[in-house]
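Peer 1: Fit chain Y to the given chain G structure using the hints.
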Amino acid sequence: MIHELLLILPMAIIVIGAFVLMLLSRSRVVDLNRLNLVAVFFLGISFLLELPQFGREAVLFSFPDIFGRMYILDNFATLFDLMFTAGAMMTLLINTDYFKSRKYYNGEYFALILFSVFGMMTLVHANELITAFIALEIASLSIYALVGYHKKNKISSEAMMKYLVLGSMTGAFFVLGTALIYGATGSTNLGDISTFIASHGREDLTLVIVGGTFIMVTIMFKIGAVPFHSWVVDVYHGAPYPVTMFMASTFKIAIFAIALRIYLIEFASISNIWTPMLQVLTIITLIGGSLIAISQSTVKRMLAGSSIVHSGYMLIAISSIGLGSEMAAPAIMFYLIAYFLSAVGAFGILSFIASQSRKQMTYEDFKGFAERRPYMALMMAVFMLSLSGFPSTIGFLGKFYIFTAAIESGQILLAGLGILTAFISVYYYFKLVAMMYFYPSNQEEKKLKINLSSGLIALMALLVIWGGIGTSLIPFVPGVDGFIDIAKQAIGSLYLK
Amino acid sequence: MQHILSNIIFLPLVAALLLGVFRTPLHWLRLGAVTASLIVLALVGVVIFYFDPSGGMQFLRVAPWIQNYGITYYVGVDAISLVILALIALLMPILYLYIWKEERKGYWYNMLMLQTGVTGAVLSLDLVLFYLFWETMLLPIFIMIGRYGNGLYQYNAMKIVLMTILGSMSMLFSILYLGYGYFEATGSWSFALNDLARLHLDAQTSIWLAAGFLLAFAIKIPLVGFHTWMAPAYGSSPTPTVVILSAIMAKLGVYGLWRFGYGLFENTLVSYAPTIVTLAIIGLLYYAIHAVMEPNLRRMFAYSSGSHLSLIALGIIVTNIYGWGGSLYFIATHALASAGIFLMIGLLFKRTRSVTIFDLGGIAAVAPRFAFFFAFFALSVAGLPGTGGFVGELLIIIGAFKADLWIGVLTATTMLSAMLYIFWMLQRTIFGQAGSCTETFEDLDGREMVMLLPLMLLLLITGIAPSLFIPLGEPQLTASLAEVMKAIGGLQ
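Chains as they are written, first to last, in the numbering used here: chain G, 1 to 497; chain Y, 1 to 492.
For reference, chain G alone in the conformation it holds in the complex:
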């Protein structure tokens, strides 16, 4: 009993933290700064408690006698938990200046972040469709509120409405899909469904396939795959910078987590049914995302557009899984880590700058940035290189694994298209580098304020480079191999019974 409680303690701490913060949010004694620290404290404890759990050899279920096998504890979920708590901590710590500079922030912000982290954690631990749906909605509802956090700003409110309406509607597809699958199999548990699918012929599975497709609609919407992408750019644009950062780096990963779990476990034996559909989606996502990203003039919208393209790369790997590639699943995990690091850094710098000015941050505003802030510009360049998949950064290896997996599964054309869109992405990422470095500045060089925000961004930049070139020769420091080993271990735990 106590042992099982200990296992779910990381999640429990997040919920407790969220409630504590909610209660404290109206207090006159505790100001925003303290609230921030309290939130980070809870996240940090959760992170530290989670850390030793990684590498467990067995798969556990929490309170199986009460909940059945609803709530799974494996390396896969643990790794994602670590990323969520780390992502949330980054979001809070990097943006300490941001919320000080904006009047509209108040205490609930921190509670909402923690609630959404709780939702995401539950989502990756969910071994059952209803649980997954509830978790998804917990996470999404917090995000909806966060997107519209700047109430007086029309763009922010519009973004919130757009996301709320479209998100809830596509959320309904998930419930419908679950209902259909339940109708066919009599269970919503992923393990039971997968045994049902494995033991029945294709003709008995029509309802399951339709249900699975509906669930896929929700997932595709949340990751912003074309043609479910129309919300992405506007919502990313309308949300305050920290929230955009949180969505792009952390929330998106959560969706991929549940997608992988469903796709690898539940539908493992029939996943090739969706392959043609996924391939078409991948193609239009890659092309459409590139077109959107290439035509933006503000950096935030460009990053939003390019996040669609990154979803496209990961979709390549998902369809490779269906075609029997063994490397594809670890490749997605690795790509998620790579994208997480680079996106946290890039959005972190954006909100770091935004905390000191009220500009829209178009490409033009970055002119001469390298002279004003040489270190920030250097780090931004590193993140841009990583996002564009330039070698010597972790982003390159992410693409390397994805494309190799695509070639392994015989999707030569898709790999080619991926490389082509990676080439296009060089244009819009390098444009920012060019803006920063190629134009003289009309202001003096500002001294770098060495504080927690800039320190964390620098840490991300170092990780991005180390993840790209790090040798495993140095003792006690995991190199490039370390990252992919972690990814493999996490995926491996999905197959443990």
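Read the hints as simulated data drawn from the structure, not as lab findings.
All values derive from a computational prediction rather than experimental measurement.
Each residue gets a CB set at the ideal place from its N, CA and C atoms; glycine is no exception.
Check the hints yourself; a few may be wrong.
One-sided excerpt, in silico: chain G residues whose CB lies under 7 Å from chain Y [as the list claims (entries may be wrong)]:
no., residue
1, Phe403
2, Ile407
3, Glu408
4, Val426
5, Tyr437
6, Ile484
Peer 2: Same frame as chain G, but now just chain Y:
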């Protein structure tokens, strides 16, 4: 000895990082950069001293890097890469001497990183490692053109990066496919060149994969049709960058064709040979005609460089010992000559703020030493007998004649056309009446002479006594040529 190549590759980068982290003042930065380049030069001297001409690949160093995918840190040097390695090591101190008074620190950092990039690309024998260096060497070029260039530099920097990355991406695709092909055939991963060379591919696949590599090299050389970035980029580059572009980076394109083209696809290259030969011959003439008409000196020598690189590519693709020997020789001597002439143009620009032929003239009267050096390097670009370029060109032309009479005849026009634009250019810039720009032209000072003399001496030695150098490369060229001929077998 085991680590000597790694030291040569990474010393400049480490120097740049150390100097950058501590934000050293300019004079320390300058001293650090020059010291690093001199140490590298000395180390390369050691490598040359212990180099065994008939020893094949030497100074090998293999270390695991990404073990899951069999990617290794694998470097080594043979006669071909040694030539380019020596060129890089020699040119860097000269370029530092050129930018001695440069106060923009970015210049120095970028030059240091550039040296690591190009050296790494020359020495790496693992395809992923090669790709890494091949791409990263582009970054300093990008930054230097975009920050310190002239004309439409921002636009041209973007253009060179996008075009070369398009090539690299197609190469990446081929690399991935080859790596996976090796995995499929043997069950283990490897991206090492000598492993992948043993891989047997069917003709259809091989054609496509070779195309991926060839696109990258054709853009880098550039062969005609892939050259639209060349003249704008050369025209907008600051002098050190243009020297690197023409003397090193373009050579890396040819080197890639040699190392990876023949290393991986010796059979397939035969079917590409007619196309490449045609492109090279068109390039020879097309670039030469452009060079005749071009009034901007930098762009003019960009076209001249393109013309000569087409010649080198042709020398490699005709696959006989004259062509190969000539190409290797010409890689070295053309690099020296073009480095010299681009440095002269840089000095000219510093003095007159113009590189347009119409603004110049009458330099010989006011600055005889400058005129002498300028004429010398210009003529050695054209392949004047007595300079190294002549030997290289002659050997390539003989090789072309051996391959086919008409190829030979068309190739020989390159010497003629080069004489045409060089002499006409000299007549208009060096001689004639001094204009408003050139009346107060300062002659070369001591530092500039020191910078140019090594290049000049080397060009003369290579021109007068080629027998000193040719035996260094010959054993290996003969051996690898025999291998290629055996592989091609009855195809030719």
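Peer 1: Indicate, hint by hint, whether the structure satisfies it.
Peer 2: Results of checking the hints against the structure:
no. : hint   : verdict
1   : Phe403 : holds (5 Å)
2   : Ile407 : holds (5 Å)
3   : Glu408 : holds (6 Å)
4   : Val426 : holds (5 Å)
5   : Tyr437 : holds (6 Å)
6   : Ile484 : holds (5 Å)
When held up to the earlier numbered hints, the structure conflicts with none and fits them all.
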